[in-house]
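**Q** Protein chains in written order, with my numbering: chain A, 1 to 293; chain B, 1 to 334; chain C, 1 to 245.
Do not take every clue at face value.
Said to hold, decoys possible - Below, computed lysine-lysine pairings styled on DSSO-like, alpha-carbon distance capped at 30 Å:
#1 B:K106 <-> C:K139
#2 B:K126 <-> A:K116
#3 B:K126 <-> B:K73
#4 C:K186 <-> C:K139
#5 C:K186 <-> C:K135
#6 B:K106 <-> C:K186
Stated by the list, open to error - Chain B residues, not near chain C, derived (Cβ > 10 Å throughout):
#7 L9
#8 V17
#9 R103
#10 S184
#11 D195
#12 Q201
#13 F202
#14 T307
Calculated from the structure, these hints are not laboratory results.
Everything numeric in this text was worked out from a predicted model, so none of it was measured.
Note that CB positions come from ideal geometry on N, CA and C, so glycine has one too.
Each chain, letter by letter, is given below.
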Amino acid sequence: MEPSFLFGQFLGGLTAAMFLFLIASGLSLIFGVLRVLNFAHGSFYMLGAYLAWQIVRWVGPEGEGFWLAALGAALGVAILGAAIERLLLRHLYRREELYQLLFTYALVLVLADVAKVTWGTGQLSVSRPPSLSGSLQLLGITVPHYNLFIILLGPTIALVFWLLLQRTAIGRVVRAAALDREMLSALGANVGWIYTGMFFVGSFLAGLGGALVTPTQSIVPGMDVAVIVDAFIVVVIGGLGSFWGTFLGALIFGQVLAFGILVFPGFSIFAVSALMATILVVRPWGLLGRPIR
Amino acid sequence: MTRRVPWTLLVALTLLVVPFLGSRFYTFVATDIVILALFATSLNLLLGFTGLVTFGHAAYFGIGAYTCALLMKELGVPFLLAWLAGGAMAAFFAAVFGFFCVRLTKIYFAMLTLAFAQIVWAVCFKWNDVTGGEQGLPNVPYPDLEWMDAVPLLADFRVGDKFFFVALVLVACCFAALRRIVDSPFGRILTVIRDNPERAQFIGINVRLYELAAFVVAGFFAGLSGALFGIFNRGVFPDFAYWTKSAEPLIMTLLGGMGHFWGPAVGAAALIILNQQITSYTEYWPFVLGLVLMILLFAFPGGIVGTLAGARWRLRRRPVTLPKPASDPVSRNA
Amino acid sequence: MLELSGLRKSFGGFGAVNGVSLSVERGRIAAVIGPNGAGKSTLFNLITGHLKPTEGRVVLRGEDITGAPPHRICRMGMGRSFQRTNIFPLLTVFENVQAALIAHRGHGRNFWARSARLYREETEELLASLGLLDKADVKAGELSHGNQKQVELGIALAGDPDILLLDEPTAGMSATETRETIALLKRIAEMRGLTLLFTEHDMEVVFSIAERIAVLHQGRIIAEGTPEAVQRDPEVRRVYLGERH
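The shape of chain A in the complex, shown without the other chains (with noise of 0.2 Å):
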């Protein structure tokens, strides 16, 4: 096998992974802190794609309108999301698990529809900013600059993260909340702030996830529950909850994504699920997760 395919592949599935990275950290930290597990986080990611095309016509698809799109598409999700929890997520905490769930089925049906209401179910498509348009030679292959940007952005957001989760105070009451849930009422932190922030952070994240994906993926109905699902099996790998797990999740979902191939077509869908399998069966609280309480 030529190695310059090998190496066109292992890059494709490295920012396949740093999509997905965008999207399921987002749910990990929503999980993290308010143990709900967001069905509806696909639809965040798919309203951020509708919304950055439609911000692309507005602001015309000349000039650098386009990072404009995608910062406007990722705030209006992340205000969608908040005002979600704030108005009527927050009233099902004190009832069963399912019900929480359920919920954000209901929301996935919902906002499945607005889209299409909105924006019809053909296939619209968003142009890569002029900026980052052109490609460049690697070893052998034609790498855009625009997946080298987001090969990069991966790792900058995943930083920058960490370290919001590190050093303020903010993150301090995020990282106990995800160890032990009953700690943040003992920090005396306003929790229904903190879970508010939180599903702002998490529906920017998704929603710039499906911002950014525009330029290299089609817009169709339907991405909400395809992507949701992988979000799943990312966030399980890397163990639920865990920062750095989702990112280690991310890379290797999107390896074995793009080797699977070489197996047998076809065999990369069914690997994928298989491994979460695994990783559930051996150790549910994932690669870098902890036993939850």
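Fit chains B and C to the known structure of chain A by using the hints.
**A** Below, chains B and C without anything else, positioned relative to chain A:
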């Protein structure tokens, strides 16, 4: 105690009348309801009676459907045998997957059931030689129902109506069996586990073993309903095992009321009828369903049956027992 | 009856139970006392299989049960109650006790019989002996705290145990309820020839029924003997009365 209305019998008799209305559409809806009611009720054995939240129940529905369809279509196995084989195969996989699942609790249990279901889905989706891959298995044959021509009354019915009778009788048998299981000592132990799994160990119950048994029984009946659905649907597709299909019986159960044996069946009927009504007005059925689900979660957490039962209590001016917040004596940090 | 030797349990370096050896004879009523955090509940959880000991052995009637799962230990005749009342709150009182009977008789594998009237007489008899018969059809979770404790005792007794481990059987009870419960415990223990091992913070209760007392402090037994002997023990006085040397 006042005289009890034999609801079960009444409903069964009413359903028997449906094909006599002469509407292909009514029979179609009724068949759909009957089969999915079984699917939802099988899930409720886990959800409502054992306290296990699963995201992967569609796996067993799908396995039952594929098994039965393959046996009938490719090997010409008689319907009844293929149907039972569908259930048995689903039960077998439920035993294998369940063995691993019951070692986990709560969210991890749910995630693992999801993972296994996704594996099943991936296999159905990609194993073209056997499952037909993405295209599924179209043209699953109807069972041989010519013997019905010899039965007075039934001879003139369309094949769809005849199949409805078959499905109705088979599902009724399944419901009788499930009812029996729920009311048995085994069923009592399951409710004990639902109520307080930690305490259950200390009255000598091997909790995992009972959970596994419940998982297998639920898988068996899900398989039986899937097998019927494949024939009813005239085709079996990978979507049968996709995670969104697992959400369906969850919604039905919640809609009907998971605290009651008949809740999921009522929920299935309500959901399917609502679906038929709404889709004749708008294509945005998921939107409506999502709203219904939210209203339910916030305003009527007991579902239809739970709410009606509550209302009846109040009407009789008995002391009202309010639904208590989910008691969770094991406490999350145990 | 029950023999503990060198039982040790540490949670991430912190020793909650540090080498406890204790033996309880058949038919005895024995108490484990000690200040909060002494390791009483951990000790009970080790004995009943809820936790696996880091070191040491638990022997029940000559049989090593160290690390066996709770349900098996229970089936061998060890019943227990919990400090925080631990019953089946959504089931009726009748169903609570009946379920314990079903489980104990290994009848739970039967998924074809009718359960509604199963063991009716025995269940009612047991409820009557606990004074709960009139509440048989009430959901257990709706009972008063004292009644719930009685239900829990009923659940434990339905398993027809030889030895009963009670973690603070009178916690949260009023003075009257406490007296009644103590009288009840004493009566039942005599009637059934039960071995009783309990923890308790109410010293009046302890000294009124315990025949042997073990004092646990920082995961170690610092004194063991008759109530009189324990009361005189200088080490115990130091721990309890805060006398420093």
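**Q** So is L9 (chain B) really clear of chain C, every C-beta pair being over 10 Å apart?
**A** The assertion about L9 (chain B) holds, with a minimum of 19 Å to chain C.
**Q** Determine whether the non-interface label on D195 (chain B) survives the test: each CB of chain C must be over 10 Å from its CB.
**A** 4 Å, violated
**Q** Verify that the Cβ of T307 (chain B) lies farther than 10 Å from every Cβ atom of chain C, and report whether the claim holds or is violated.
**A** 18 Å, holds
**Q** The output says Q201 (chain B) does not contact chain C. Does that hold with a beta carbon cutoff of 10 Å?
**A** Non-interface label fails for Q201 (chain B): nearest chain C Cβ at 4 Å, not farther than 10 Å.
**Q** Check whether the Cα positions of K186 (chain C) and K139 (chain C) lie no farther apart than 30 Å.
**A** 27 Å, holds
**Q** Taking the closest pair, is the beta carbon of V17 (chain B) still more than 10 Å from chain C?
**A** Given a closest Cβ separation of 31 Å, the condition holds.
**Q** Confirm or reject the statement that F202 (chain B) sits farther than 10 Å, beta carbon to beta carbon, from all of chain C.
**A** Per Cβ check, F202 (chain B) is inside 10 Å of chain C; nearest 5 Å; violated.
**Q** Given the proposed pairing of K186 (chain C) with K135 (chain C), does the C-alpha separation stay at or below 30 Å?
**A** Cα-Cα ~23 Å, so holds.
**Q** Tell me if the straight-line CA distance from K106 (chain B) to K139 (chain C) falls inside 30 Å.
**A** Satisfied, since the Cα-Cα distance of roughly 25 Å is no more than 30 Å.
**Q** Given the hinted pair K106 (chain B) and K186 (chain C), is their Cα-Cα distance within 30 Å?
**A** The given pair, whose Cα atoms are some 40 Å apart, is violated under the 30 Å limit.
**Q** Find the nearest Cβ of chain C to the Cβ of S184 (chain B) and say whether that gap is larger than 10 Å.
**A** About 4 Å separates S184 (chain B) from the closest Cβ of chain C, which leaves it inside 10 Å; violated.
**Q** Per the stated criterion, does the least C-beta distance between R103 (chain B) and chain C lie above 10 Å, as a non-interface residue requires?
**A** 12 Å, holds
The structure fails to meet hints 6, 10, 11, 12, 13 from the earlier list, while all remaining hints are met.
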